[in-house]
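Chains as they are written, first to last, in our numbering: chain A, 1 to 290; chain B, 291 to 679.
Treat the hints as calculated values from the structure; they're not laboratory data. Treat the numbers as computed from the prediction; the structure is a model and nothing was measured. Ideal Cβ placement from N, Cα and C applies to all residues, glycine included. Fair warning: there could be bad hints in the mix.
Just a few of them, taken from the derived set where beta-carbon distance is under 7 Å, the chain B residues facing chain A [claimed, not checked]: (1) D599; (2) M601; (3) T669; (4) Q672; (5) G673.
Far from chain A by the CB rule (all over 10 Å, computed), these chain B residues [said to hold, decoys possible]: (6) A358; (7) Y359; (8) F410; (9) F442; (10) D516; (11) Q519; (12) M580; (13) R670; (14) E676.
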Amino acid sequence: MRYLREGVVSIHFAGIDLGSTMTKIVILDEDEQIKASVVYHTGAEHRRLANKVMEEALSKAGLSIDDISFVMATGYGRINVPFADRQITELSCHARGVASFFPSVHLAIDIGGQDAKGLKIRDGKLLDFVMSDKCAAGTGRFLEVISASLGLKVEDLGDISLRSTQKISVSSTCTVFAQQEVIKHLSAGVPLEDVIAGLHDAIAGRTARMVNRLKIEPDVVFTGGVAKNIGVVKAMEENLRCPVLVPEEPLLSGAIGAALLGKEHVLKALARGETIQTGKRRLEEATFFQ
Amino acid sequence: MAEPSRGLLRAQEIYQDRSKRALELQQQGKKIMGYLCIYPVPEMMTALDIVPYRIFGDMREPITKADAYMPTVNCAFLRSCLDLGLKERYSFLDGIVTSHICDVGSSLSGLWNYAVKTPFSHHIDTPHTLHDTALVQERGLLPDYQKALEKFAGRKMMTENLREAIRVHNEQRALVRELYELKKQDPPLISGVETIRVIKAIQSILADEGNELLREVINEVKERSDGPQIKSARLLVWGSILDDTALPEMIESLDANIVMDDTCVGSRPYFNDVEITSDLMDGLAQHYLMDIKCPRTFRTRDYYDVRKDYMKDLEFRFSYLSDYVRDWKANGVIMESLRYCDTHGYEVAGVRDYLDSLGIPSIYLEHDYTEGALAPLRTRVQGFLEIIS
Chain A
1 MRYLREGVVS IHFAGIDLGS TMTKIVILDE DEQIKASVVY HTGAEHRRLA
51 NKVMEEALSK AGLSIDDISF VMATGYGRIN VPFADRQITE LSCHARGVAS
101 FFPSVHLAID IGGQDAKGLK IRDGKLLDFV MSDKCAAGTG RFLEVISASL
151 GLKVEDLGDI SLRSTQKISV SSTCTVFAQQ EVIKHLSAGV PLEDVIAGLH
201 DAIAGRTARM VNRLKIEPDV VFTGGVAKNI GVVKAMEENL RCPVLVPEEP
251 LLSGAIGAAL LGKEHVLKAL ARGETIQTGK RRLEEATFFQ
Chain B
291 MAEPSRGLLR AQEIYQDRSK RALELQQQGK KIMGYLCIYP VPEMMTALDI
341 VPYRIFGDMR EPITKADAYM PTVNCAFLRS CLDLGLKERY SFLDGIVTSH
391 ICDVGSSLSG LWNYAVKTPF SHHIDTPHTL HDTALVQERG LLPDYQKALE
441 KFAGRKMMTE NLREAIRVHN EQRALVRELY ELKKQDPPLI SGVETIRVIK
491 AIQSILADEG NELLREVINE VKERSDGPQI KSARLLVWGS ILDDTALPEM
541 IESLDANIVM DDTCVGSRPY FNDVEITSDL MDGLAQHYLM DIKCPRTFRT
591 RDYYDVRKDY MKDLEFRFSY LSDYVRDWKA NGVIMESLRY CDTHGYEVAG
641 VRDYLDSLGI PSIYLEHDYT EGALAPLRTR VQGFLEIIS
């Protein structure tokens with residue numbers, strides 16, 4: 001294969017999505033099959049974590065770093081991946097990743113730990129996007145804070161909300177004010193499931209208003225950590241008034257998209273007869289301040 | 291890295307230490323007049339040998355004192371201006387002229403008088419529409435302003451001096467346009483960051499000194515070999531005040547050159563000359579009310595006709611932007627606005643609809659007038675560039 005560097009004996013593409021809350025890495029083989037994936041909480045030490053998740057993913061896949069043909073980094077911390085060959089935004093990567101699962105996608109919604117994104121996609125290409133503001137209202141962080149204040153696990157919120165018979169209306173998705181509203185409703189004797197269903201509805205409503213500018217048109221795909229919450233998925237369907245598709249592993253769409261875009265980058269460069277620019281391949285311990 | 295050329299270096303020095311030249315001129319006996327926004331007719335100051343010195347904020351300085359006077363939901367640029375006034379960063383000013391740029395800007399005028407207490411102040415109640423009566427009002431405001439300036443300067447404004455001042459300022463406009471012509475090439479001969487430094491510099495010194503600086507910069511950028519490189523995107527930036535290079539630096543650190551702008555520390559004050567009319571005040575009133583295309587002026591001449599047709603209205607208000615896109619070969623537009631700048635914020639929908647109607651890709655960035663808050667915008671800009679490139 002012409003695009004193998006000297007000494008490389010297999011063809012694999014890695015995508016690493018260093019998000020504000022979670023770091024995800026995926027290694028794809030030549031046939032775009034997932035050989036390994038790893039998900040970690042991001043924390044503060046981006047560069048060290050990037051090395052760690054790569055080492056773990058390589059170990060799972062039974063590969064060495066030299067087996068990776070190209071590493072594409074994305075996400076909030078994409079510039080903090082020392083071994084990346086190229087960086088590209090999570091907007092393009094999510095679009096590419098989602099289109100690989102659902103080629104007919106027209107609108108992708110990704111709600112992560114700190115922001116929400118709407119992506120308008122046609123024929124697998126990103127045409128336009130909207131993003132939430134820097135406030136974390138209506139994101140995964142919002143649910144984490146509320147669940148912590150209620151003494152619940154965030155992963156249990158979805159199932160609890162499904163028991164709701166009369167969800168309440170939460171007028172604010174500001175984390176601070178919504179907490180006050182939750183306490184007020186619980187003090188008034190409103191069942192917990194109705195309060196949580198109301199919170200999910202508030203997130204979905206806020207997101208639906210945000211993505212409305214892109215024109216809501218099926219297929220709609222929902223990704224990101226919040227897409228694991230069945231309560232938010234259902235609320236999203238109600239607010240968007242259309243079915244919402246969720247990939248099997250909604251956290252990985254950005255990393256998968258990054259790996260696929262890495263592969264496309266390599267193939268395009270080779271088609272043009274260009275040399276592929278890759279970064280240094282050696283994984284090394286990085287300090288926080290490097 | 292090559293040495294910066296002399297004109298650009300001087301512009302950068304003035305940009306970084308704006309008051310230095312003003313203080314030198316003050317030592318020589320000249321009076322320094324601060325002015326807020328571009329509407330206080332600096333030609334009239336120049337005609338009286340007063341140094342026009344535009345008031346800016348400082349996005350790298352946290353706002354700490356102004357919050358006692360202005361709510362935090364007011365535009366951060368104006369809050370920053372007041373904050374700097376309260377911190378005595380403008381204590382050298384002999385006077386200040388404000389205008390009704392917007393409601394908050396107008397309020398700032400009173401607050402400045404109350405809390406900063408610059409020795410002289412004057413407020414021009416500039417109207418906000420292009421109606422004939424508005425032009426009459428703007429024209430009617432200028433004699434009072436003239437009298438106030440004459441009292442401040444201690445001398446009469448002679449017609450020939452005003453005519454000469456208009457000529458000098460028109461020369462400056464022509465030089466700025468000549469500089470912008472050099473941005474039509476690919477790569478542009480001067481970057482967006484450098485352009486802001488130059489424009490801010492000329493708004494900090496005497497008009498004829500500014501013209502000399504512009505001539506130096508034009509000659510130097512034509513000859514240098516270390517200018518901007520070709521990049522995938524050529525951008526037009528439209529929006530509210532950018533008096534710091536931080537946002538353009540972020541944009542130009544990506545795969546993009548800013549080749550044209552419609553901002554007031556940019557092309558906006560310079561793309562139309564003041565007409566030399568038989569009564570010079572007529573030309574000044576016409577220019578400052580009608581010719582400057584800032585959203586602070588509601589630019590619909592015939593409300594009851596044009597407003598019936600939305601696209602016709604957009605064409606009337608924004609067709610110059612499509613000219614900019616065509617002539618400077620921009621392949622994308624960044625619309626930027628300071629948070630809580632209502633005048634620009636309300637205009638965004640119209641600008642976007644107009645650009646959409648022409649198939650010109652655009653993105654809207656709202657920012658907080660703080661350097662650190664620009665980081666999250668990087669992803670949006672980079673995502674936009676990935677789409678258009």
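Hints and how they fare:
no. : hint : result
1   : D599 : 23 Å, violated
2   : M601 : 19 Å, violated
3   : T669 : 5 Å, holds
4   : Q672 : 5 Å, holds
5   : G673 : 4 Å, holds
6   : A358 : 24 Å, holds
7   : Y359 : 26 Å, holds
8   : F410 : 41 Å, holds
9   : F442 : 44 Å, holds
10  : D516 : 24 Å, holds
11  : Q519 : 17 Å, holds
12  : M580 : 33 Å, holds
13  : R670 : 6 Å, violated
14  : E676 : 5 Å, violated
The structure shown violates the earlier hints numbered 1, 2, 13, 14.
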